[in-house]
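J.: Residues per chain, in single letters:
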Amino acid sequence: EAAVTQSPRSKVAVTGGKVTLSCHQTNNHDYMYWYRQDTGHGLRLIHYSYVADSTEKGDIPDGYKASRPSQENFSLILELASLSQTAVYFCASSEMDRTNTEVFFGKGTRLTVV
Amino acid sequence: GMPVEQNPPALSLYEGADSGLRCNFSTTMKSVQWFQQNHRGRLITLFYLAQGTKENGRLKSTFNSKERYSTLHIKDAQLEDSGTYFCAGLTNAYKVIFGKGTHLHVLP
Chain C
1 EAAVTQSPRS
11 KVAVTGGKVT
21 LSCHQTNNHD
31 YMYWYRQDTG
41 HGLRLIHYSY
51 VADSTEKGDI
61 PDGYKASRPS
71 QENFSLILEL
81 ASLSQTAVYF
91 CASSEMDRTN
101 TEVFFGKGTR
111 LTVV
Chain Z
115 GMPVEQNPPA
125 LSLYEGADSG
135 LRCNFSTTMK
145 SVQWFQQNHR
155 GRLITLFYLA
165 QGTKENGRLK
175 STFNSKERYS
185 TLHIKDAQLE
195 DSGTYFCAGL
205 TNAYKVIFGK
215 GTHLHVLP
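Protein sequences appear in the order of chains C and Z. Mapping the first sequence onto the numbering used here, position 50 (from 1) lands on 50, and the numbers just tick up by one. Mapping the second sequence onto the numbering used here, position 107 (from 1) lands on 221, and the numbers just tick up by one.
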């Protein structure tokens, strides 16, 4: 079973502050993803990456930056946290080769911006 | 339209009943995954399909890439099946796009 570990698991941040959410995977997966989930809603793609030192914008990238310093690590950065960024954030990874495109998710990080 | 349209948005079933969920895709998807999100918020993978049909106990899922849809059938619903179910499709650009979910409530 692929392991995707997110830290922290929950965080309270102050409006205007900087927040960094971290994700680590141990399965040599090329693709990594960051999603946000708002209460009662589905997951929306923020940023993703298919190789170290490169990131791609997802469907809702505004207000977020991403960093992929290595194959194992993918961070989501909120430079100026806002109340509207209160949500649960999920990281995911996948091998994405020709025969296997299954995606594995972390347990989520609950972010509250006050 | 939405890349992944999931229906119904909510569903109530009595224990023992059968029902189905469906996702329609506006574009060709390489694969689909179905997840159950439990009361703790964990996403549990139920099925991963690149094509065809898979069964696991009381659950069965089908993915038809050409016709752009996937279904999840629940047979003999149990109380512990309650939760939110999501489908997610993998686009040709390797983006994984989620449906909005189906909130399932199994009644005793």
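It cannot be assumed that every hint is accurate.
Within a straight-line C-alpha distance of at most 25 Å, the following computed BS3-like cross-link-like pairs (lysine-lysine) qualify [unchecked claim]: (1) Lys-209(Z) - Lys-57(C); (2) Lys-144(Z) - Lys-57(C); (3) Lys-107(C) - Lys-209(Z); (4) Lys-144(Z) - Lys-168(Z); (5) Lys-168(Z) - Lys-57(C); (6) Lys-214(Z) - Lys-107(C); (7) Lys-168(Z) - Lys-65(C); (8) Lys-180(Z) - Lys-144(Z); (9) Lys-65(C) - Lys-11(C).
These are calculated hints, taken from the structure and not from any lab test.
J.: Are the Cα atoms of Lys-180(Z) and Lys-144(Z) separated by 25 Å or less?
T.: 10 Å, holds
J.: Compare the distance between the alpha carbons of Lys-209(Z) and Lys-57(C) with 25 Å, and conclude whether the hinted pair is satisfied.
T.: Holds - the C-alpha atoms of Lys-57(C) and Lys-209(Z) are around 10 Å apart, at most 25 Å.
J.: With a cut-off of 25 Å on the C-alpha distance, tell me whether Lys-144(Z) and Lys-168(Z) pass.
T.: Answer holds: Lys-144(Z) to Lys-168(Z) is near 16 Å, not above 25 Å.
J.: Check whether the Cα positions of Lys-168(Z) and Lys-65(C) lie no farther apart than 25 Å.
T.: 38 Å, violated
J.: Against the 25 Å threshold, does the CA-CA distance of Lys-168(Z) and Lys-57(C) hold or violate the hint?
T.: The given pair, whose Cα atoms are some 33 Å apart, is violated under the 25 Å limit.
J.: Check the hint pairing Lys-65(C) with Lys-11(C) against an upper bound of 25 Å on the C-alpha distance.
T.: 18 Å, holds
J.: For the pair supplied as a hint, Lys-144(Z) and Lys-57(C), is the alpha-carbon distance within the 25 Å limit?
T.: 20 Å, holds
J.: Is the hinted pair Lys-107(C) and Lys-209(Z) satisfied, with a Cα-Cα distance of at most 25 Å?
T.: Holds: Lys-107(C) and Lys-209(Z) sit about 20 Å apart, inside 25 Å.
J.: For the pair supplied as a hint, Lys-214(Z) and Lys-107(C), confirm whether the alpha-carbon distance does not exceed 25 Å.
T.: Holds, at roughly 19 Å.
The structure fails to meet hints 5, 7 from the earlier list, while all remaining hints are met.
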